[in-house]
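These protein sequence lines map, in sequence, to chains A and B. Just so you know, the first sequence maps onto residues 88 to 431 in our numbering. Just so you know, the second sequence maps onto residues 88 to 431 in our numbering.
Just so you know, these hints were derived from the structure itself, not from any lab. Glycine residues also receive a C-beta, built at the ideal position from the N, C-alpha and C atoms. Any given hint could turn out to be false.
So the derived label-pair ranges between C-beta atoms look like this [stated by the list, open to error]:
(1) B:Asp-109 to A:Ala-371: 56 to 62 Å
(2) A:Gly-383 to B:Gly-328: 29 to 35 Å
(3) B:Ala-340 to A:Leu-155: 44 to 50 Å
(4) B:Ala-146 to A:Asp-398: 52 to 58 Å
(5) B:Ala-340 to A:Asp-369: 34 to 40 Å
(6) B:Pro-346 to A:Pro-303: 28 to 34 Å
Protein chains: 2
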Amino acid sequence: MSAAINRQIVLKARPNGLPGPDNFDFVEGEVPSPVPGQALIRTLYLSIDPAMKGWISSARGYSEPVPLGGVMRSLGVGEVVESRHEALAPGDFVCGMPGWQDYALSDGTEPFFRKLDPAAAPLSTALGVLGLNGLTAYFGLLDVGAPAAGETVVVSTAAGGVGSAVGQIARLQGCRAVGLAGGPAKVALCREAFGYDAAIDYKAADVAAALRSACPDGIDVFFDNTGGPILDAVLGQFNLGARIVVCGTAATASWDPPPRGPRVERAILVARARMQGILIFDYAARYPEGLAALAGWIADGRLGYREDIRDGLEAAPAALADLYAGGNTGKLLVRVRPDPTRTS
Amino acid sequence: MSAAINRQIVLKARPNGLPGPDNFDFVEGEVPSPVPGQALIRTLYLSIDPAMKGWISSARGYSEPVPLGGVMRSLGVGEVVESRHEALAPGDFVCGMPGWQDYALSDGTEPFFRKLDPAAAPLSTALGVLGLNGLTAYFGLLDVGAPAAGETVVVSTAAGGVGSAVGQIARLQGCRAVGLAGGPAKVALCREAFGYDAAIDYKAADVAAALRSACPDGIDVFFDNTGGPILDAVLGQFNLGARIVVCGTAATASWDPPPRGPRVERAILVARARMQGILIFDYAARYPEGLAALAGWIADGRLGYREDIRDGLEAAPAALADLYAGGNTGKLLVRVRPDPTRTS
Chain A
88 MSAAINRQIV
98 LKARPNGLPG
108 PDNFDFVEGE
118 VPSPVPGQAL
128 IRTLYLSIDP
138 AMKGWISSAR
148 GYSEPVPLGG
158 VMRSLGVGEV
168 VESRHEALAP
178 GDFVCGMPGW
188 QDYALSDGTE
198 PFFRKLDPAA
208 APLSTALGVL
218 GLNGLTAYFG
228 LLDVGAPAAG
238 ETVVVSTAAG
248 GVGSAVGQIA
258 RLQGCRAVGL
268 AGGPAKVALC
278 REAFGYDAAI
288 DYKAADVAAA
298 LRSACPDGID
308 VFFDNTGGPI
318 LDAVLGQFNL
328 GARIVVCGTA
338 ATASWDPPPR
348 GPRVERAILV
358 ARARMQGILI
368 FDYAARYPEG
378 LAALAGWIAD
388 GRLGYREDIR
398 DGLEAAPAAL
408 ADLYAGGNTG
418 KLLVRVRPDP
428 TRTS
Chain B
88 MSAAINRQIV
98 LKARPNGLPG
108 PDNFDFVEGE
118 VPSPVPGQAL
128 IRTLYLSIDP
138 AMKGWISSAR
148 GYSEPVPLGG
158 VMRSLGVGEV
168 VESRHEALAP
178 GDFVCGMPGW
188 QDYALSDGTE
198 PFFRKLDPAA
208 APLSTALGVL
218 GLNGLTAYFG
228 LLDVGAPAAG
238 ETVVVSTAAG
248 GVGSAVGQIA
258 RLQGCRAVGL
268 AGGPAKVALC
278 REAFGYDAAI
288 DYKAADVAAA
298 LRSACPDGID
308 VFFDNTGGPI
318 LDAVLGQFNL
328 GARIVVCGTA
338 ATASWDPPPR
348 GPRVERAILV
358 ARARMQGILI
368 FDYAARYPEG
378 LAALAGWIAD
388 GRLGYREDIR
398 DGLEAAPAAL
408 ADLYAGGNTG
418 KLLVRVRPDP
428 TRTS
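Construct the complete structure from the given sequences, taking the supplied hints into account.
Here's what the structure looks like:
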């Protein structure tokens with residue numbers, strides 16, 4: 088492999104606000120060679136995720152920030168092309184954390200690393216509905232949101248990778264699902280593809296008024312991927328004992344310093360509401376349970392998903408900017424090279 | 088009884104901010120007569136509570152606001168002087184909701200109505216450590232805060248009726264208890280009377296810096312009676328899985344409109360924290376459990392309390408203003424007439 092080139096996208100500058108192409112550089116290096124215990128993975132798909140903003144910020148977050156000059160961190164799916172790892176062989180497909188590059192070494196210990204069976208589900212779903220997105224929806228809604236049949240569940244970024252699964256799982260629990268999404272195309276997806284009982288275009292509507300109309304019995308669970316003004320609009324409409332699942336803060340470009348907004352403590356007190364953060368990695372021990380449930384619903388045709396696939400490694404920085412601009416419909420992926428398991 | 092006068096304090100105007108004597112009027116009426124199923128109660132003690140601000144606000148709250156011209160709502164302890172209620176007899180002492188007046192009718196169905204045994208504990212404690220204050224501390228800390236031995240529990244209004252019990256119960260669970268109180272007298276009470284491991288004068292200190300010093304292992308539970316800037320200072324110091332018990336919002340004078348502050352969702356997400364409101368009336372079915380535990384700790388000398396008693400019905404409005412000004416040390420009560428069960 089040593090003659091091949093490893094294209095890489097590295098962090099050039101931390102964003103002051105939302106990241107875009109200016110924050111990254113393209114470089115080329117040699118393809119690395121695995122040492123004992125490692126395998127060399129050739130990247131097929133990369134996952135473009137809202138969390139990436141946090142990974143390249145210097146503010147306190149879940150994990151160490153990507154260093155300046157370092158390869159951009161990214162979940163991805165790839166094929167083993169060379170292996171000195173006893174459990175991995177050339178031709179195996181894996182989900183891991185290759186970063187934005189053609190080739191990466193893996194010792195199989197990254198968070199969420201697993202081997203994939205391309206006959207069971209398309210490889211790309213390991214980055215979406217059968218991956219962290221679906222698991223986040225599953226555990227976030229069921230464990231933290233704890234919806235009961237008949238309750239009303241509101242979801243922000245309702246047509247996205249996490250949100251679309253939340254809305255459908257809420258309906259599977261017998262709940263009324265109300266989605267918030269940006270623009271008519273996503274609102275139509277919510278209603279037609281994902282089965283929401285109601286969907287609101289937060290860019291066009293008075294969100295608070297539209298929610299009052301769409302949630303005549305009040306709001307019991309808010310699964311929040313955005314925070315910001317949408318959270319503010321939901322706050323006053325909680326039923327007693329409401330649960331707010333804090334899953335993401337995509338609406339806020341920068342937390343350094345934290346922006347200001349209406350204080351929340353009175354609304355939480357009056358409704359005896361519970362506002363709780365979720366990070367899917369905390370549920371690692373229960374991934375098999377979640378994946379089995381999600382796979383079952385997909386096989387039954389009760390859980391659908393959409394992918395928005397951009398082609399070429401070089402498309403990644405613009406795809407990331409487009410994610411924060413709300414330009415994607417469905418789970419946003421970059422296909423670095425053709426998927427050998429797909430004929431189309 | 089019909090010749091006696093019933094002095095009453097009624098709501099004259101809703102406060103624009105914190106309530107004070109200008110919001111109330113003194114009137115005199117006839118002492119009412121009980122109909123079948125009612126008893127006439129002569130007020131002995133009134134409880135002056137932070138929640139009163141909400142009871143006279145027109146903003147959405149737990150309960151219907153006190154109407155203009157209506158007797159100010161208040162918990163109190165009194166003596167039955169006339170009864171047409173089968174379970175109540177003259178000479179009985181009861182805890183109920185008499186309002187700011189000399190005489191009130193009761194049918195025994197008010198929230199928290201119960202008969203008191205003056206031989207078991209001083210009557211006034213039914214309005215404090217053996218009443219809603221103690222129960223709020225007990226269920227709020229143990230059920231919502233769920234502290235584990237070795238964790239750090241921070242309490243705001245740490246020397247008050249609720250806070251002082253929270254700090255002591257936290258220590259009984261094997262936790263490090265850190266109190267926030269206003270002024271050197273209350274800080275001394277925290278350390279000397281209530282056993283806090285550390286106490287901070289939030290009026291004098293850089294609260295965030297003082298907390299970092301007093302909580303070297305971070306904050307696991309924040310029992311918050313104030314909200315506002317103290318909550319903001321605590322937010323960045325949470326350990327993973329921290330719990331915030333939202334019990335009161337005394338720091339905010341008016342919620343109409345809600346004041347602005349730093350947005351909270353990122354801190355909650357990063358720490359996977361849980362922020363949850365508590366209202367003690369939700370625990371009514373479990374009061375006996377809580378009262379038994381509190382009474383046991385008091386009898387063992389492991390749970391102390393302080394009372395700050397003001398004399399005369401006419402002292403109530405100024406006492407309420409003083410509560411929000413932080414002028415009380417210990418549970419604030421108004422003694423409407425001498426307590427016949429106390430000899431001193």
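Now for the hints, and whether the structure bears them out:
{"no.": "1", "hint": "B:Asp-109 to A:Ala-371: 56 to 62 Å", "result": "holds (59 Å)"}
{"no.": "2", "hint": "A:Gly-383 to B:Gly-328: 29 to 35 Å", "result": "holds (30 Å)"}
{"no.": "3", "hint": "B:Ala-340 to A:Leu-155: 44 to 50 Å", "result": "holds (46 Å)"}
{"no.": "4", "hint": "B:Ala-146 to A:Asp-398: 52 to 58 Å", "result": "holds (54 Å)"}
{"no.": "5", "hint": "B:Ala-340 to A:Asp-369: 34 to 40 Å", "result": "holds (38 Å)"}
{"no.": "6", "hint": "B:Pro-346 to A:Pro-303: 28 to 34 Å", "result": "holds (30 Å)"}
Hint compliance for this structure: no hint is broken.
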